[in-house]
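These are the residues of each chain, in order.
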Amino acid sequence: MSVADLLHAVCATDDDLSSYMDVVDDEIHDATIAGNDKLASQLTSVLTRLTLLAAKYDRRQITAIDDSQEVVDAIKQLSDASTYMDDVIKGNKKVADTLGTVTTVLGALNGVANKFIAKA
Amino acid sequence: MQTICLAGLAVTAAILMGCSTVSYQKPVSALSDSISATKTAFNALSEEERKDYVTLQIRDAVDEGKRIAAPTRRHCPPEKRPATTSAGSPAQIDCRPTIYDPRTKEEKPIEVNAAAPKLLKLADALDSYGKGLGQLAAAQDIAALKDAIAKAGAGAATLAATVEGPAIGAAAGATLDFVEWLVGAYLDNQRFRELRHIVEASDPSVAIAAKDMAQVAQLLKGNIARKRALDVHEASNTFLRLQNAGGDKAKTEAAGEAFVSGALDLQAFLETDVTETLNNVREGHAKLLESLKHPEIDPAAVYAALDTLRTKVAAMRDAFVKLEAKK
Chain A
45 MSVADLLHAV
55 CATDDDLSSY
65 MDVVDDEIHD
75 ATIAGNDKLA
85 SQLTSVLTRL
95 TLLAAKYDRR
105 QITAIDDSQE
115 VVDAIKQLSD
125 ASTYMDDVIK
135 GNKKVADTLG
145 TVTTVLGALN
155 GVANKFIAKA
Chain B
1097 MQTICLAGLA
1107 VTAAILMGCS
1117 TVSYQKPVSA
1127 LSDSISATKT
1137 AFNALSEEER
1147 KDYVTLQIRD
1157 AVDEGKRIAA
1167 PTRRHCPPEK
1177 RPATTSAGSP
1187 AQIDCRPTIY
1197 DPRTKEEKPI
1207 EVNAAAPKLL
1217 KLADALDSYG
1227 KGLGQLAAAQ
1237 DIAALKDAIA
1247 KAGAGAATLA
1257 ATVEGPAIGA
1267 AAGATLDFVE
1277 WLVGAYLDNQ
1287 RFRELRHIVE
1297 ASDPSVAIAA
1307 KDMAQVAQLL
1317 KGNIARKRAL
1327 DVHEASNTFL
1337 RLQNAGGDKA
1347 KTEAAGEAFV
1357 SGALDLQAFL
1367 ETDVTETLNN
1377 VREGHAKLLE
1387 SLKHPEIDPA
1397 AVYAALDTLR
1407 TKVAAMRDAF
1417 VKLEAKK
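Taken in order, these protein sequences are the chains called A and B.
Letter by letter, the first sequence follows residues 45 to 164 of this note's numbering.
Letter by letter, the second sequence follows residues 1097 to 1423 of this note's numbering.
Just so you know, these hints were derived from the structure itself, not from any lab.
Quick caveat, the model's predicted, so the values are computed rather than measured.
Possibly wrong hints are sitting among the right ones.
As the list claims (entries may be wrong) - A few chain A residues that don't get close to chain B, going by computed Cβ distances all over 12 Å:
no. : residue
1   : L97
2   : Q121
3   : D124
To be verified - Below are the DSS-like pairs computed for lysine-lysine, each with C-alpha atoms no more than 27 Å apart in a straight line:
no. : chain 1 : residue 1 : chain 2 : residue 2
4   : B       : K1147     : A       : K100
5   : B       : K1389     : B       : K1307
6   : B       : K1147     : B       : K1389
7   : A       : K100      : B       : K1214
8   : B       : K1227     : B       : K1217
9   : B       : K1227     : B       : K1389
10  : A       : K82       : B       : K1204
11  : B       : K1201     : A       : K100
12  : A       : K100      : B       : K1347
13  : B       : K1122     : B       : K1227
14  : B       : K1217     : B       : K1201
15  : A       : K100      : B       : K1204
16  : B       : K1214     : B       : K1147
17  : B       : K1389     : A       : K120
18  : A       : K120      : B       : K1204
19  : A       : K82       : B       : K1345
20  : A       : K120      : B       : K1345
21  : B       : K1307     : B       : K1214
22  : B       : K1307     : A       : K100
23  : A       : K120      : B       : K1347
24  : B       : K1122     : B       : K1389
25  : B       : K1217     : A       : K120
26  : B       : K1214     : B       : K1227
Glycine included, C-beta positions come from ideal geometry on N, C-alpha and C.
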């Protein structure tokens, strides 16, 4: 079992992992200051493993959010809203209704105008 | 009677004039642009994390002495015929290379998918919604509006033709202008109502989209930042190796510059707050709704708030582009 595997086995949470990463990071820093490039390189390999583990932890959290019902509902709601607006903009439905109302308004206006003209 | 009729028309006009989408074009357009820019940034964040995750798996496999194997013809058939399983049914094509661990004898395909496929769809839906809002507020030449004006014009022309005399002709002319304006105001008012209706109905979904995208963006950013911090360590190691070897001075200096510059770009990326930007989208939408529900609120105030959002989105994208260029 490698050092990284051992760490994986004992890391119960993301915070545990983060603490180990801090320790390894400090060790890399000390090795660099000491000019020990071989040790710095070996420790960086351990850090690679820890970084991958941390990414897996985070991806698990992301999946939980991504799979939630509220995300699915929001997609549907916003897609429906876009379709509705398309209908309004293209005049497929709502503007057709609007036109009907406009015609009624115009009819009433014509009536008013006729009376106005007759009295003029 | 004339006075009553004119007063009636004036009241109708005043009612129609009350609300207008025209004054909302600027804030709605700003919100729409910001949503689009945020979606682009979110997609880029997701794609970078995906690529970094693939790189991490490969780098880890190499460090750990694992083997990376090419996909087999059975899983990744180069011919056009669909692959089949042993039962004869079509198999899913999977051309991902695998990572084999000689110690545990486990073989797993490299994970190459984006971390949040549904949220990417949600970002698309949010973007379409934002674009639709912009179009709805900006629509100036709806064919229906022209039709209505044409009908009004014809009606008024008929009126003008049936009466004679300069006084009555002037009155009919005035009616034509008035009707044109009134029809325009009426349709504009209808668009305002549609805008208010749709913004109100969608506000909870926009809030959910912004909240969940912000949460995931933070996690994606964390994954990218950790991988880039690792890159900085690698660059530092390269520099240290060259320095210890005491070789080409120019090469050592170039490695030092690359390492320092990578660290500074990482800092700029870390300083951007992706959560704040997405929260601002939610707030911007809520402000727009408030303003649509209470037309006494000046749309200019909404625009000012959205302008801040646009600045923040732009800053986030700039930092991201800088980091991207250093890869």
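Holds or violated: K1201 of chain B with K100 of chain A, Cα cutoff 27 Å?
OK: K1201 of chain B and K100 of chain A at ~21 Å, within 27 Å.
Tell me if the straight-line CA distance from K100 of chain A to K1347 of chain B falls inside 27 Å.
Violated, because 36 Å separates the two Cα atoms, which is more than 27 Å.
Would you check the hint for K1227 of chain B and K1217 of chain B, treating anything up to 27 Å between C-alpha atoms as holding?
Given that 27 Å is the threshold and the Cα spacing comes to 15 Å, the pair holds.
Is the hinted pair K1389 of chain B and K120 of chain A satisfied, with a Cα-Cα distance of at most 27 Å?
Given that 27 Å is the threshold and the Cα spacing comes to 24 Å, the pair holds.
Between K1147 of chain B and K1389 of chain B, is the straight-line Cα distance small enough, at 27 Å or below?
Distance of about 44 Å is beyond 27 Å: violated.
Non-interface claim for L97 of chain A versus chain B (Cβ beyond 12 Å)
violated, 9 Å
Hint consistency between K1147 of chain B and K100 of chain A [alpha-carbon to alpha-carbon, up to 27 Å]:
Roughly 14 Å between the alpha carbons, so the hint for K1147 of chain B and K100 of chain A holds.
Given the proposed pairing of K1307 of chain B with K1214 of chain B, does the C-alpha separation stay at or below 27 Å?
holds, 14 Å
Would the pair K1307 of chain B and K100 of chain A pass a check requiring their Cα atoms to be no farther apart than 27 Å?
Given that 27 Å is the threshold and the Cα spacing comes to 22 Å, the pair holds.
Take a quick look at whether K120 of chain A and K1347 of chain B sit within 27 Å of each other, Cα to Cα.
Outside the cut-off at roughly 55 Å; violated.
Proposed proximity, K1204 of chain B with K120 of chain A (alpha carbon, max 27 Å):
Roughly 34 Å between the alpha carbons, so the hint for K120 of chain A and K1204 of chain B is violated.
Next pair to validate is K1214 of chain B with K1227 of chain B; report whether the Cα-Cα distance is within 27 Å.
holds, 20 Å
Checked against the numbered hints given earlier, the structure breaks hints 1, 2, 3, 6, 10, 12, 14, 18, 20, 23 and satisfies all the rest.
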